[in-house]
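Just so you know, the protein sequences line up as chains A and B, in that order. According to our numbering, the stretch in the first sequence is residues 1 to 496, in order. According to our numbering, the stretch in the second sequence is residues 497 to 822, in order.
One or more hints might be untrue.
What the hints assert, rightly or not - List time: in silico DSSO-like cross-link candidates among lysine-lysine, alpha-carbon distance up to 30 Å:
| # | chain 1 | residue 1 | chain 2 | residue 2 |
| --- | --- | --- | --- | --- |
| 1 | B | K804 | B | K787 |
| 2 | B | K804 | A | K284 |
| 3 | A | K198 | B | K515 |
| 4 | B | K571 | A | K198 |
| 5 | A | K130 | A | K149 |
| 6 | B | K515 | A | K284 |
Said to hold, decoys possible - Covered stretches of chain A, going by a simulated chain B footprint (3 or more residues, C-beta under 8 Å):
| # | segment |
| --- | --- |
| 7 | 38-52 |
| 8 | 353-367 |
| 9 | 456-462 |
Everything labelled a hint here was simulated from the structure, so no lab data went into it. Everything numeric in this text was worked out from a predicted model, so none of it was measured. Don't be surprised by glycine CBs; every beta carbon is placed ideally from N, CA and C.
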Amino acid sequence: MFEADILQTFYFTLFQAALSTFLSLLLGIVIAWSLVHQRNFWASRVSRVVLSVSIVLPVIIVAFGLIGIYGRNGWLNQAAEYLFGFSFGAFLYGLFGILLAHVYLNASYAAVTLTGAFEMIPLEQYKLSKSLGFGPWKRFWYVEYPAVKSTLYRSASTIFLLCFTSFGVVLLLGGQPRYNTLQVAIYEALRIDFDIPKTLHLALLQLTVSSLLVVAASLVTGKTGNLKQASVPIPWRESGGSAFFQKNMIFLFLIFFLLPLIEIAYEALGHDLFSVMNEPLFQKALLTSLLIATISSILSIAVSLGIASLQLKFLNRQTRVAKVLYSATAVLSNIYLAVPSLVMGFGFFLYIQAYDLDMDRWGFIAVVLSNILLSLPFATSSISPKMEQVSNRYRKLTASLGMGAAKRFFIVYLPYLLPSIGFVWALSFCFSLGDLGIIALFGSDELVTLPWYLYELMGSYRTHQAASVALILLVLVIAIFIVIPKMVGKLHAENR
Amino acid sequence: MKKIISLILFSTLLFSSEKPLLTVYTYDSFTAEWGAGPKVKEAFEKAYHCRVKFVSTSSAIGTLRKIQIEGRRSKADILLGLDSATIPLAKTTGLFARHELDTSGLQLPVAFEDDTFIPYDYNFFAFVYDSRKLSNVPHSLEALAAMPEEFKIIIEDPRTSTIGFGLLLWVKLHYGDQAADFWHRLSPHILTVTKGWSEAYSLFLKGEADMVLSYTTSPAYHETQEHTTYIKAAHFSGGHYGQIEVAAILKRSKHKVLARKFLQWMQGREFASIIPLTNWSYPVVPVTLPKAYEHLIHPKMLMMQQEKIQEGRKRYIQEWLRAIKR
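Just need the whole structure built from these sequences, with the hints factored in.
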C-alpha cells in the first residue's frame, strides 16, 4: 500500500521518538534526583526557575540557539578552531541534531515534572532508608523509583507522542530527507512536490498511528492526580561522592540549557537589534502573532473551562454513560496529539480548495484553532482538578442557596480558579507565540507570524536579523510566562 | 471639508481603478534591490499606465508550488522564472494559457519553440569559486568529485530550484546510468543543499564553501558592481548545461490582455537592455553587452530533450535523493 520511502520515514519517526524519549527521561530523572538532593546549591535554585520556562520555549528558538552553539560556525567549532586548529564540521544536522533538540526540550520538561514527584515522597521513607543504611543507589531503587514510577510512565508517553509528531525540530535540524519524520514528509510532499496523493497517504498513516498511540497512552496513564503538597526538604547532607556527582550534573545541565539562549542574546545584541524592527514584514508578523495569541489564549480558557465543567457534570453523575462521556471529554482535550499540526493543516488545505475559500483568512482560522488545541491538554489538566476541589467543597452550599449557574460561577468558582486561569492564559499565549506548525503550510507574505518570519530569515541565512527576531520572541515569551501569572496572582491575593 | 475629503477619496478610487494591477510571481533574486524587478516595474508601469506587483519566493519551482497551493484564489497573472527544463513539469499542472505571440525573431543559442512559455534570457550553469582561496580548480564534473575530502560545494535542491534541477540533467547527460554513482561520490563534498540560488550564493560569499553552483555570468556582477575579478567560473570540459528562462500567463488571470502585453514587452529592446546588468544573464534580443561580459567563459551549451526530461524527471530526482542519502 505504501511506497518504500514512506515506510522508511515511518520507521525513522518511531526510532527517533523512542530514542529521544529514552534519553530525555534518563537525563530528566538524573537532573530531578540531583535537584531534590541538592536543594541549597545555588545552581539548583537557578535551575528550578529556568527550567520552569522550558515548557513554553519555542522550538524554533531552541533550534536556532543550538545551531549557534553546535553548528558549523557555532561556538563549539570556533573554540575548537581557536584552541586546536580543527573543526568538528557540520555534525549537528541529522539524527544528532534531532536528538539534541528533543533532549533539550523534553529532559527539561521531564525534570520539572519528576522533581514534583520526588518531592512528594514522605520524609519518613527517607528516614527509614537512612536507618537501614541504604546508599544512594539502594535508596533510589527501593524508595524513590517506586514513588516516581507513575509520573515517569506518564512523562514517557507524553514525550514519546511529542517526539513522534515533532515538526519544527526536524524541519530545522533534520538536514535531509533521510531524517524526515512523517510530519515533515507531509510538509514536503505538499509544499515542495505538491503531490496530493502522497500527502494523503502520509497524513493517513500519521493520523492512524498517532490516534492509536493516544488511545494506548490514555489506557496506560490514567488520571493525573498530581496535586502538589508542601514538600519538606531532606535534612541530611548527601555523601561526598554523590553530592559531587549531583552538583556537577546540575551545573552542566544548566550550562547546556542556558548556552543556546545566551548565544541568541549575544548574536542579537552584537549587531543592530532594532534595524529589524523597521522591516514592514517584521511589524506585520509581530502584530499577527500577538493577535493570534490573544484570540487563541482567550478561547483556550473558555474551551478548557467548558470541558472542565462538563467533566464535573459527568463526574457527579454515577452512571455508566456519564463515565464514558467523562473519558470522551478527556480524549477531546488530547485531540491535537492524535491529529497533529500538519495533518490538520492538510485537512484545512483540502477544505479550502474544495470550497474555493480565501487562503489567508482560513489559514488564520486554522492557526488559531490549532493553537487552542495545542494548549488544551495543559489547560484542562490545570483547571479541571481545581474545579473539582471547589465543587466538592461548595456544591451543597451553592445548591442550598439556590444560586444560578452564572452567579455560582462568578461568585464561587472564579475567585478560586483565577490563578489557574492566569497560568493557562500565559501558557497558551506563549505556546501560540512560538508555534511553528500549521503556519508552515499557510505562511506567506500575506499571513506571517513571528516564528514563520524567523524560519524564513533562517532559510535565507540572514543570521543577524534572525537572531534579533529570536531574542524579541524569547523576551516576549519569558516576560509573559513569568510576569503575567505573578500579576494575576497578586490581584488574586489583594481581592481576598 | 467633508466634500473635499470625499472628493479626494473618490479621486483616489478613480485613480486606482484607472490603473490595472499586474501581479507577477517570481524568484527572490529577480525582485532584489539590485535585481531586474525594480527597473522592470518602473519601465513597464510607465509605458503601459498600470501597476506591477512582484510576489517572490526563494525559488522558481517554489513559486509554481505556491500558485498550486493557492489554487483558484491565486492572484498571480504571470509566473516568471521557470526555465526550459522545468516547462514539462509546469505544463502538467494545466495552469498556464497559450501566449499566442510570435517568438521566431528571438536570438537563442539553441532552437526553442513553445506555445505557452516565452523565453526572456539564457545562461550557462557553472561552478563559481574565489581564485584567491582555491588554486587547484577542477575542470570537469569528474574532477569535482575527485577533489580532496575537505573541499566543499553548495548546490541547489532540484525539487525547488531550476538551477539545481539543471545540474541533475547535466550529470545525467554526462553519466547516464552511472549518474547515481557520481552523486554518491560527490555527496561528501556537498556542504548543503539550498532551496534557491540566493541562499546558496550568499552562503558562498560568506566563505562557507569552496564552490557554488551558479552561472558563467556571475563574475560579471563582481567585476561591474564591485570592481573585483577574483570570483571566477570554472570552465568544464565537455560543455555546460544551459538554461533558457521563461515566463507564462496563468489561465485564471483576470488581466490577460495586460499580461500578454507584458510578455510582448519582455521580447523588446528595453527589457533586453535591463537584463544583463540586473539579472546577469544573456538577453534574447541583441543589445550591446556590458564590458565585463567580454571576460566571461563561453562554453558549449548542453541541453536535454524536453520529452526525455518529462519522462525522466521523477526518476532522476528519486535517484538523486537516494544517492546523496547513502
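Hints versus structure:
1. For the hint linking K804(B) to K787(B), the alpha-carbon distance of about 37 Å lies beyond 30 Å, and the restraint is violated.
2. With a C-alpha separation of about 45 Å, the suggested pair K804(B) and K284(A) falls outside the 30 Å cut-off, and the hint is violated.
3. Taken as a hint, the K198(A) and K515(B) pair is broken in the structure, with Cα atoms around 43 Å apart against an allowance of 30 Å.
4. Distance hint between K571(B) and K198(A) is fulfilled; the C-alpha atoms sit about 27 Å from each other, no more than 30 Å.
5. Proposed proximity of K130(A) and K149(A) is supported: the alpha carbons are some 21 Å apart, at most 30 Å.
6. A C-alpha spacing of about 27 Å is found between K515(B) and K284(A), which places the hinted pair at or below 30 Å, so the restraint holds.
7. Proximity of the segment 38-52 of chain A to chain B, defined as three or more residues with a beta carbon under 8 Å from a beta carbon of that chain, is not established by the 0 residues found.
8. Only residues whose beta carbon comes within less than 8 Å of a beta carbon in chain B count, and the segment 353-367 of chain A has 5; three or more means the coverage holds.
9. Against chain B, the segment 456-462 of chain A contributes 3 residues with a C-beta closer than 8 Å to a partner C-beta. That satisfies the three-residue criterion, and the hint holds.
In this structure, the earlier hints numbered 1, 2, 3, 7 are contradicted, and the remaining ones agree with it.
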